[in-house]
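Student: Hey, can you work out the whole structure from these sequences and the hints?
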Amino acid sequence: MAEQTYNWSAIAKNPKFIELHHKKTAFLFGWWIFSTIYYFLLPIGAAYAPGLFKIQILGRINFGYLFALSQFFVSWGLAMYYAHVANKDFDRLTKELVNELH
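Numbering of the sequence shown is given in numbering that gives the first Met the number 0, commencing with residue 0 and proceeding in unit increments.
Hints should not be assumed to be uniformly reliable.
Claimed, not checked - With beta-carbon atoms standing in for the labels, derived distance ranges:
no. : residue 1 : residue 2 : range
1   : ASN86     : PHE33     : 32 to 38 Å
2   : TYR5      : PRO49     : 25 to 31 Å
3   : GLY76     : ILE43     : 17 to 23 Å
4   : THR4      : TYR64     : 53 to 59 Å
5   : ILE32     : ILE56     : 26 to 32 Å
6   : VAL84     : PRO49     : 35 to 41 Å
7   : VAL84     : LEU41     : 25 to 31 Å
8   : LYS12     : ILE43     : 39 to 45 Å
As the list claims (entries may be wrong) - Here are the simulated lysine-lysine pairs, BS3-like style, with alpha carbons at most 30 Å apart:
no. : residue 1 : residue 2
9   : LYS23     : LYS94
10  : LYS94     : LYS12
11  : LYS22     : LYS94
12  : LYS12     : LYS23
No lab work stands behind these hints, which were simulated from the structure alone. Predicted model, so just to flag it, every value in this text is computed and none were measured. Ideal Cβ placement from N, Cα and C applies to all residues, glycine included.
Tutor: Given below as structure tokens:
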């Protein structure tokens, strides 16, 4: 089977690739900052605001437990949102780039 070679420097200079790279970088960097702050709020909040994390919500379930549990749902939500954006924008730009190269 013949190995296909690509001109990667030409691909890197292609406007479609630059647009794709810029959109992905902006999207991922923004959500990385959000998720980092959100996840570090748990240990920081528990250390500096223990009274807040001890507030009883439902029976023995307190705010700290609910906040920790919310991190799972936020992770799943972010993963689903990324899949949606990737299917809508990133895959379209990738197909346009591939079609332009062939």
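Student: Does each hint fit the structure? Answer for all of them.
Tutor: For each hint, the structure was consulted:
1. ASN86 with PHE33: 32 to 38 Å: Hint violated: Cβ distance 21 Å, outside 32 to 38 Å.
2. TYR5 with PRO49: 25 to 31 Å: violated, 56 Å
3. GLY76 with ILE43: 17 to 23 Å: holds, 22 Å
4. THR4 with TYR64: 53 to 59 Å: This hint holds: roughly 55 Å between Cβ atoms.
5. ILE32 with ILE56: 26 to 32 Å: Cβ of ILE32 to Cβ of ILE56: about 28 Å, so the range 26 to 32 Å holds.
6. VAL84 with PRO49: 35 to 41 Å: holds, 37 Å
7. VAL84 with LEU41: 25 to 31 Å: holds, 26 Å
8. LYS12 with ILE43: 39 to 45 Å: holds, 43 Å
9. LYS23 with LYS94: Since the Cα atoms of LYS23 and LYS94 sit roughly 15 Å apart, the hinted pair holds (cutoff 30 Å).
10. LYS94 with LYS12: holds, 17 Å
11. LYS22 with LYS94: Cα-Cα ~15 Å, so holds.
12. LYS12 with LYS23: Between LYS12 and LYS23 the Cα gap is close to 16 Å, so the pair holds against 30 Å.
The structure does not agree with the numbered hints 1, 2 stated previously, though it agrees with the rest.
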